[in-house]
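There are 2 protein chains.
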Amino acid sequence: MFNFSYQNPTRIVFGQGQIKELAKLVPANAKILLTYGGGSIKQNGVYQQVMQALEGFEVLEFSGIEPNPSFETLLKAVEMVKQQDITYLLPVGGGSVIDGTKFIAAAVAYAGDPWDILTRKAKLTQAMPLGCVLTLPATGTESNGNSVVTRYSTQEKLSFASPLVYPQFAILDPTVTYSLPPRQVANGVVDAFVHVMEQYMTYPVNAPVQDRFAEGLLLTLIEQGPLALSDPQNYDVRANVMWAATMALNGLIGQGVPQDWATHMIGHEITAVHGLDHAQTLAVVLPALLNEQRAQKREKLLQYGRRVWGLQHADEERLIDDAISYTRAFFEQMGVPTRLADYGIKAEAVDELVNKLEQHQLLKLGEHGDITLAVSRKILQAAV
Amino acid sequence: MFNFSYQNPTRIVFGQGQIKELAKLVPANAKILLTYGGGSIKQNGVYQQVMQALEGFEVLEFSGIEPNPSFETLLKAVEMVKQQDITYLLPVGGGSVIDGTKFIAAAVAYAGDPWDILTRKAKLTQAMPLGCVLTLPATGTESNGNSVVTRYSTQEKLSFASPLVYPQFAILDPTVTYSLPPRQVANGVVDAFVHVMEQYMTYPVNAPVQDRFAEGLLLTLIEQGPLALSDPQNYDVRANVMWAATMALNGLIGQGVPQDWATHMIGHEITAVHGLDHAQTLAVVLPALLNEQRAQKREKLLQYGRRVWGLQHADEERLIDDAISYTRAFFEQMGVPTRLADYGIKAEAVDELVNKLEQHQLLKLGEHGDITLAVSRKILQAAV
Numbered sequence: 005m006f007n008f009s010y011q012n013p014t015r016i017v018f019g020q021g022q023i024k025e026l027a028k029l030v031p032a033n034a035k036i037l038l039t040y041g042g043g044s045i046k047q048n049g050v051y052q053q054v055m056q057a058l059e060g061f062e063v064l065e066f067s068g069i070e071p072n073p074s075f076e077t078l079l080k081a082v083e084m085v086k087q088q089d090i091t092y093l094l095p096v097g098g099g100s101v102i103d104g105t106k107f108i109a110a111a112v113a114y115a116g117d118p119w120d121i122l123t124r125k126a127k128l129t130q131a132m133p134l135g136c137v138l139t140l141p142a143t144g145t146e147s148n149g150n151s152v153v154t155r156y157s158t159q160e161k162l163s164f165a166s167p168l169v170y171p172q173f174a175i176l177d178p179t180v181t182y183s184l185p186p187r188q189v190a191n192g193v194v195d196a197f198v199h200v201m202e203q204y205m206t207y208p209v210n211a212p213v214q215d216r217f218a219e220g221l222l223l224t225l226i227e228q229g230p231l232a233l234s235d236p237q238n239y240d241v242r243a244n245v246m247w248a249a250t251m252a253l254n255g256l257i258g259q260g261v262p263q264d265w266a267t268h269m270i271g272h273e274i275t276a277v278h279g280l281d282h283a284q285t286l287a288v289v290l291p292a293l294l295n296e297q298r299a300q301k302r303e304k305l306l307q308y309g310r311r312v313w314g315l316q317h318a319d320e321e322r323l324i325d326d327a328i329s330y331t332r333a334f335f336e337q338m339g340v341p342t343r344l345a346d347y348g349i350k351a352e353a354v355d356e357l358v359n360k361l362e363q364h365q366l367l368k369l370g371e372h373g374d375i376t377l378a379v380s381r382k383i384l385q386a387a388v
Numbered sequence: 005m006f007n008f009s010y011q012n013p014t015r016i017v018f019g020q021g022q023i024k025e026l027a028k029l030v031p032a033n034a035k036i037l038l039t040y041g042g043g044s045i046k047q048n049g050v051y052q053q054v055m056q057a058l059e060g061f062e063v064l065e066f067s068g069i070e071p072n073p074s075f076e077t078l079l080k081a082v083e084m085v086k087q088q089d090i091t092y093l094l095p096v097g098g099g100s101v102i103d104g105t106k107f108i109a110a111a112v113a114y115a116g117d118p119w120d121i122l123t124r125k126a127k128l129t130q131a132m133p134l135g136c137v138l139t140l141p142a143t144g145t146e147s148n149g150n151s152v153v154t155r156y157s158t159q160e161k162l163s164f165a166s167p168l169v170y171p172q173f174a175i176l177d178p179t180v181t182y183s184l185p186p187r188q189v190a191n192g193v194v195d196a197f198v199h200v201m202e203q204y205m206t207y208p209v210n211a212p213v214q215d216r217f218a219e220g221l222l223l224t225l226i227e228q229g230p231l232a233l234s235d236p237q238n239y240d241v242r243a244n245v246m247w248a249a250t251m252a253l254n255g256l257i258g259q260g261v262p263q264d265w266a267t268h269m270i271g272h273e274i275t276a277v278h279g280l281d282h283a284q285t286l287a288v289v290l291p292a293l294l295n296e297q298r299a300q301k302r303e304k305l306l307q308y309g310r311r312v313w314g315l316q317h318a319d320e321e322r323l324i325d326d327a328i329s330y331t332r333a334f335f336e337q338m339g340v341p342t343r344l345a346d347y348g349i350k351a352e353a354v355d356e357l358v359n360k361l362e363q364h365q366l367l368k369l370g371e372h373g374d375i376t377l378a379v380s381r382k383i384l385q386a387a388v
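Residue numbers (my numbering), protein chains in the order written: chain A, 5 to 388; chain B, 5 to 388.
These aren't lab readings, by the way, just hints derived from the structure by calculation. Note that the structure is predicted; figures quoted are calculated from it, not measured. Don't take every hint at face value.
Remember, identical chains collapse to one label, so a pair may be satisfied in a single copy or spanning two.
[Claimed, not checked] DSS-like, lysine-lysine: derived pairs with alpha carbons at most 30 angstroms apart: (1) 24 x 127; (2) 382 x 368; (3) 127 x 28.
The following block holds chain A by itself, in its conformation from the complex:
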């Protein structure tokens, strides 16, 4: 096991009816900016629950944060926070709304050009406080310090991370996910699954607690994910998916072990250029990447095949083939296609994606740093 230092300050307030706890979680006398996306929270009653819980607080609103939140849009919110003397940020939504609001929290408190935050030139020393109400289990952003923002004008999807932007609290009420479109449910399950894989599917370092926690999350997502689609009003299923997605990327399972993240880095470029949903890009890249890196990941691929998929072949190559095939089949079962061609993207598109990786200096990806541009190209070609 590697050395690590881990702290996760976010309070998780989990379960049906917990939105009413908001008044106790937000600081007294806070002047709140409620941030959200396209307005689905008004249709499913979450907006009304939040406003009712915050009676007596001064609450302003900023809506229109996009899926893959836009740098340009978020700057408008930064302006609003400054002009209105907002003291607390309350994103209500999925990963994009919360990620975007973390960027707002950092940008308000940063004196320089906000773009520096995403190019990681900025040294952040403070950020506004935020707490969140999660409506879409997927990214884990409700309980970590990560944020991904897209600058549409230049087709750049970049990320930053800081302990300063951990939400102080995250309300997770599984019932608010009942009304999600199946595509978003599926994307969330695939996203969480790949988050676990990025921290698990590397090489063994004799860390059985981390391995078994990761395998427990994968098994849960494989079992509960399809049920969330087939039985969307099942509370337990929704609760299990929600809790698994939070645990998948609150940092815990990745402590003391190598991490990969190449699938995410390559996937970000596909979203930036072609507009695919984040999870769609992961479903496309991961199977191709696992096959390309099968030598480097051999021991963990065998462990994964045996423990997660229950495979018992004596032939190890066949076992690895099947572990990858089962992974692909799971994504397809969730309704998320796993080939670029399924999204109308052809082999000619690979060059531009590799160029984007080069432009962002993503030249040595993966746990060994051996996913060079040439290897990324092979992965993308195999993913067509």
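Got chain A; can you put chain B on it based on the hints?
This is chain B only, laid out in the frame that chain A set:
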């Protein structure tokens, strides 16, 4: 899954050499009270490492905190903290030193009779800050708000819990456990194992993440515990035991699920009256309790037998018998005897133990509150 609210603010600083991080973790200008036990930290070099890391800080010392820390001893430390204007507490030791120091932290800041804290009459509103260096993986106290203290004059072993006494940080260096006596290593593994069982071995509430995390910890302890005895200088083994013990009782696996804790409550009385090590009492009580409660715990006993011990009998009663026998055999394998008679305690002792439970109003233990005094008596009789 049940609703829950969970936050764990402790920073875990894990790995070889991490004691040197102390100077960054303790607040600048802190006047520190270093608390410890019988002085083993001076023999194994931990004391020296700590003092070297804290060069430049004002550090006072309070030693002599007993295994099963004594109320009377701790009150002396409370007096010292007040007289010396100590601003930060730094326990360096195992569960007893850290538990005892949490009590000091609470008692210093409590205006009434400190005994009220343990009888839970006190409403705590503040506590002194503390951070810790763990030398014995076992209780999980390094990352939770729990504390157990014994008043020897009246043979009472009582506990309190407060979010105010979470350590701000916990340094976990597996190498400091190399020199532990085998008995303490074994006790720690058994203690951690039973902590997991208290949160897992109840009844199913469709919480697969919690179940699989718990099973992952049990499997890790079963696999790594004996290796810690047979190969005491193996870093990975020590690291895995240490991390498993922390995860066993940092609150995470118990969120949203029923909990038992009857084994602990009955065990505490055995320690208070007969002076057995805490883990010894758990090893004695748990197998007897599982058998006595086999109807109530049936579904989880079957799941435990299958997933943790790999049992596949068609006969479910036999499967449960074997799951309990394997549990007992694991404790014995660790060198911790599982019968009261092994410690020279005979059937005549049961009455007094039941009287103690009655005196402490522990009349309805277990996840269903159905472990009455009569049931506790049967468990103790079966444990002779």
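(request) With 30 angstroms as the alpha-carbon cut-off, assign the pair residue 24 and residue 127 to within, between, both or neither. (result) Classified as between; 25 angstroms across copies, 36 angstroms inside a copy.
(request) Up to 30 angstroms between alpha-carbons, please classify residue 127 paired with residue 28: within, between, both or neither. (result) Between copies, since 19 angstroms is at most 30 angstroms while 32 angstroms is not.
(request) If the cutoff is 30 angstroms on CA atoms, where do residue 382 and residue 368 land: within, between, both or neither? Let me know, please. (result) Classified as within: same-chain Cα gap 14 angstroms, cross-chain 64 angstroms, threshold 30 angstroms.
When each numbered hint is compared with the structure, no violation occurs for any of them.
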